[in-house]
Amino acid sequence: MIELRNITLAFGHRTLITESSTLFERGNLIALLGRNGTGKSTLLRAMAALGRVTAGSIAIDGEDIEDIAAATLARKIAFVNTERVDVEALSVHDLVAIGRAPYTDWMGRIGTDDEAVIERSMEIAGIASMRDRRVDTLSDGECQRVMIARALAQDTPAILLDEPTSFLDLPNRYELCTLLRRLAHEEHKCVIFSTHELDIALSLADSIALVDTPHLKHMPTQSMVQSGNIERLFDSEHVTFDAATGSIRLKR
Amino acid sequence: MQTSKAHITHIVLFAILAVALGALAICGLLTGTTELPLGDVWDALIGRTTDVGTQTIVLKMRMPKVLVAIAAGAALSASGLQMQTLFRNPLAGPYVLGINSGASLGVALFTLAMPMLGVGTASWFMSFGITGMAWIGSAAILMLVMWLSRKIKNINTILIIGMMLGSAISAIVGILQYMGTEESLKAFIVWTMGSLGTVTTEQLYILIPVVIVGMMLAIVAIKPLDVLLLGESYARTMGINIKLTRLVIFLSTTLLAGTITAFCGPIGFIGLAMPHLARMTFRTASHRVLMPATMLWGAVSMLLCSLMCDIVARSGVMLPVNTITSLLGVPIIIYVVIRNRNRQ
Numbered sequence: 017m018i019e020l021r022n023i024t025l026a027f028g029h030r031t032l033i034t035e036s037s038t039l040f041e042r043g044n045l046i047a048l049l050g051r052n053g054t055g056k057s058t059l060l061r062a063m064a065a066l067g068r069v070t071a072g073s074i075a076i077d078g079e080d081i082e083d084i085a086a087a088t089l090a091r092k093i094a095f096v097n098t099e100r101v102d103v104e105a106l107s108v109h110d111l112v113a114i115g116r117a118p119y120t121d122w123m124g125r126i127g128t129d130d131e132a133v134i135e136r137s138m139e140i141a142g143i144a145s146m147r148d149r150r151v152d153t154l155s156d157g158e159c160q161r162v163m164i165a166r167a168l169a170q171d172t173p174a175i176l177l178d179e180p181t182s183f184l185d186l187p188n189r190y191e192l193c194t195l196l197r198r199l200a201h202e203e204h205k206c207v208i209f210s211t212h213e214l215d216i217a218l219s220l221a222d223s224i225a226l227v228d229t230p231h232l233k234h235m236p237t238q239s240m241v242q243s244g245n246i247e248r249l250f251d252s253e254h255v256t257f258d259a260a261t262g263s264i265r266l267k268r
Numbered sequence: 071m072q073t074s075k076a077h078i079t080h081i082v083l084f085a086i087l088a089v090a091l092g093a094l095a096i097c098g099l100l101t102g103t104t105e106l107p108l109g110d111v112w113d114a115l116i117g118r119t120t121d122v123g124t125q126t127i128v129l130k131m132r133m134p135k136v137l138v139a140i141a142a143g144a145a146l147s148a149s150g151l152q153m154q155t156l157f158r159n160p161l162a163g164p165y166v167l168g169i170n171s172g173a174s175l176g177v178a179l180f181t182l183a184m185p186m187l188g189v190g191t192a193s194w195f196m197s198f199g200i201t202g203m204a205w206i207g208s209a210a211i212l213m214l215v216m217w218l219s220r221k222i223k224n225i226n227t228i229l230i231i232g233m234m235l236g237s238a239i240s241a242i243v244g245i246l247q248y249m250g251t252e253e254s255l256k257a258f259i260v261w262t263m264g265s266l267g268t269v270t271t272e273q274l275y276i277l278i279p280v281v282i283v284g285m286m287l288a289i290v291a292i293k294p295l296d297v298l299l300l301g302e303s304y305a306r307t308m309g310i311n312i313k314l315t316r317l318v319i320f321l322s323t324t325l326l327a328g329t330i331t332a333f334c335g336p337i338g339f340i341g342l343a344m345p346h347l348a349r350m351t352f353r354t355a356s357h358r359v360l361m362p363a364t365m366l367w368g369a370v371s372m373l374l375c376s377l378m379c380d381i382v383a384r385s386g387v388m389l390p391v392n393t394i395t396s397l398l399g400v401p402i403i404i405y406v407v408i409r410n411r412n413r414q
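These protein sequence lines map, in sequence, to chains A and B.
For the first sequence, position 48 (counting from the first letter as 1) is numbered 64 according to our numbering, and the numbering increases by one without interruption.
For the second sequence, position 189 (counting from the first letter as 1) is numbered 259 according to our numbering, and the numbering increases by one without interruption.
Honestly, the hints are just simulated from the structure, not real lab data.
It is possible that some hints are incorrect.
Stated by the list, open to error - Here are the simulated DMTMM-like cross-link-like pairs (lysine to aspartate or glutamate), alpha carbons at most 20 angstroms apart as the crow flies:
1) A/K233 <-> A/E19
2) B/K130 <-> B/E105
3) B/K221 <-> B/D110
4) B/K75 <-> A/E131
5) B/K313 <-> A/E82
6) B/K130 <-> B/D113
7) B/K223 <-> B/E302
8) B/K313 <-> B/E302
9) B/K75 <-> A/E135
10) B/K223 <-> A/E82
11) A/K233 <-> A/D222
12) A/K267 <-> A/D251
13) A/K233 <-> A/E35
14) A/K233 <-> A/D215
15) B/K313 <-> A/E179
16) A/K233 <-> A/E179
17) B/K223 <-> A/E99
18) B/K75 <-> A/D148
19) B/K130 <-> B/D110
20) A/K233 <-> A/E41
21) B/K130 <-> B/E272
Throw the hints in and build the complete structure from the sequences for me.
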């Protein structure tokens with residue numbers, strides 16, 4: 017579905033990833049891991065056509081992303097960032113309805129078909145009961161679910177999420193990632209999310225894309241655990257990664 | 071589709087505002103320094119009167135003023151709503167991009183600098199010159215902001231550029247004021263106070279069509295504005311052409327706020343407060359509802375302010391309309407700000 021063809025990625029003048037290739041397929045939950053500032057967000061933004069690669073190309077269903085019209089791409093890739101949306105007088109339902117923009121007419125009128133998609137999206141994200149609440153009254157966890165429902169309403173085969181768990185407490189993080197896993201498996205979507213939650217990523221994701229500066233390594237979760245890459249990357253003076261349990265522990 | 075209950079509320083609110091608009095417009099035709107009964111005003115409107123005095127008062131003075139009030143209120147409010155959504159800032163208004171300072175520079179150059187050069191000051195020349203220069207000034211500033219912002223991704227940078235340009239221009243205007251003659255200074259100050267009554271019937275033929283074009287652009291921007299509620303990154307991933315959208319919104323604002331400011335002077339707070347009033351009463355963020363609601367609220371409020379001026383004027387005190395709009399608008403904005411802060 018999304019193919020990275022020998023890409024080089026930079027943030028300003030700093031090169032983050034060089035000459036990396038891989039393929040992200042539908043029906044998979046992919047966790048994007050890496051230390052701070054290694055280019056996880058930059059990569060996600062490039063895949064959403066919000067940024068550009070400095071060399072190589074990104075292809076969506078075989079077509080170069082640069083050649084796809086914005087309106088067409090909006091029906092293929094949905095994007096969720098960390099920004100909290102605080103809009104006065106905007107209801108949950110109306111926010112999710114904005115996700116229908118790539119399909120509505122010039123006035124943005126919502127038809128019965130659109131309404132059905134909106135209802136189903138809210139249902140899947142588990143926010144149907146909040147439909148009339150104002151978005152500025154939501155908790156962070158609720159807000160993140162609403163933004164995922166909006167991405168679902170966009171009805172795209174791929175959803176990219178930039179650190180969707182960052183403001184959530186532990187139970188909510190698991191809840192949210194379980195929801196993402198369900199979207200990948202049951203709705204047959206290609207779901208890619210960046211995260212710092214090693215435990216969650218290793219227990220729920222089908223594959224791991226690891227930014228091992230300056231390369232992006234992508235392999236099934238089990239292979240990644242055994243590869244030794246995670247130990248090497250997340251090893252520091254005080255903590256280490258234990259491949260046997262798949263978790264970080266303190267060094268003694 | 072909204073829940074049907076909200077839908078009915080909206081229809082009722084629109085009906086109330088439309089009735090208020092009609093009633094205030096009639097009040098505006100009836101109020102003035104000369105006492106005229108309803109019958110005479112009606113006769114003048116449908117062309118049945120033979121009294122030239124009545125005809126002049128109703129058709130040449132009161133009617134244009136009512137129309138200008140409606141156009142000014144709707145136009146300023148519609149551009150205020152667009153600016154608030156585009157900049158995602160509740161305190162943005164039609165003047166954030168420096169339109170008012172551009173217009174004031176144009177007028178200052180005309181009223182203050184012209185006499186220095188020894189150019190004549192015939193009244194028709196003054197009236198046309200002020201309007202024309204104000205429009206050129208606001209359009210020039212907006213083009214400058216757009217040119218500076220063509221490479222800028224972050225919308226708040228544009229906001230800061232607009233505000234800084236405005237401050238710089240105010241300083242230049244200050245210098246011109248300092249150097250101007252007493253008489254020319256008065257002409258400039260009178261323009262800054264704002265007035266709805268100075269627009270002539272002939273000028274209406276320019277003002278009304280331009281405002282209508284601006285409103286049509288605002289209507290074209292409805293869907294992009296809805297998507298922009300979530301910010302520009304989201305808007306781009308939902309297929310919105312940001313550059314084109316900014317262009318449409320900036321153009322609409324120049325045509326709406328720039329034109330009104332050119333003809334009536336800078337009118338404060340209406341454009342800033344009315345979108346909030348519309349959001350509070352209609353309880354929605356959808357621009358399909360909010361855009362017409364804001365325009366209606368703006369027209370109603372401006373008519374009310376104009377009417378208050380007229381009533382005060384009967385006692386011999388001529389208040390500039392700007393004083394009334396500020397007194398009406400400021401409490402609304404303070405209320406909105408306090409309410410938003412308390413909720414967080």
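Status of the hints after comparison with the structure:
| no. | hint | in the structure |
| --- | --- | --- |
| 1 | A/K233 <-> A/E19 | holds (13 angstroms) |
| 2 | B/K130 <-> B/E105 | holds (16 angstroms) |
| 3 | B/K221 <-> B/D110 | violated (59 angstroms) |
| 4 | B/K75 <-> A/E131 | holds (17 angstroms) |
| 5 | B/K313 <-> A/E82 | holds (17 angstroms) |
| 6 | B/K130 <-> B/D113 | holds (14 angstroms) |
| 7 | B/K223 <-> B/E302 | holds (9 angstroms) |
| 8 | B/K313 <-> B/E302 | holds (10 angstroms) |
| 9 | B/K75 <-> A/E135 | holds (18 angstroms) |
| 10 | B/K223 <-> A/E82 | holds (19 angstroms) |
| 11 | A/K233 <-> A/D222 | holds (14 angstroms) |
| 12 | A/K267 <-> A/D251 | holds (10 angstroms) |
| 13 | A/K233 <-> A/E35 | holds (11 angstroms) |
| 14 | A/K233 <-> A/D215 | holds (18 angstroms) |
| 15 | B/K313 <-> A/E179 | violated (28 angstroms) |
| 16 | A/K233 <-> A/E179 | holds (19 angstroms) |
| 17 | B/K223 <-> A/E99 | holds (16 angstroms) |
| 18 | B/K75 <-> A/D148 | holds (12 angstroms) |
| 19 | B/K130 <-> B/D110 | holds (15 angstroms) |
| 20 | A/K233 <-> A/E41 | holds (15 angstroms) |
| 21 | B/K130 <-> B/E272 | holds (10 angstroms) |
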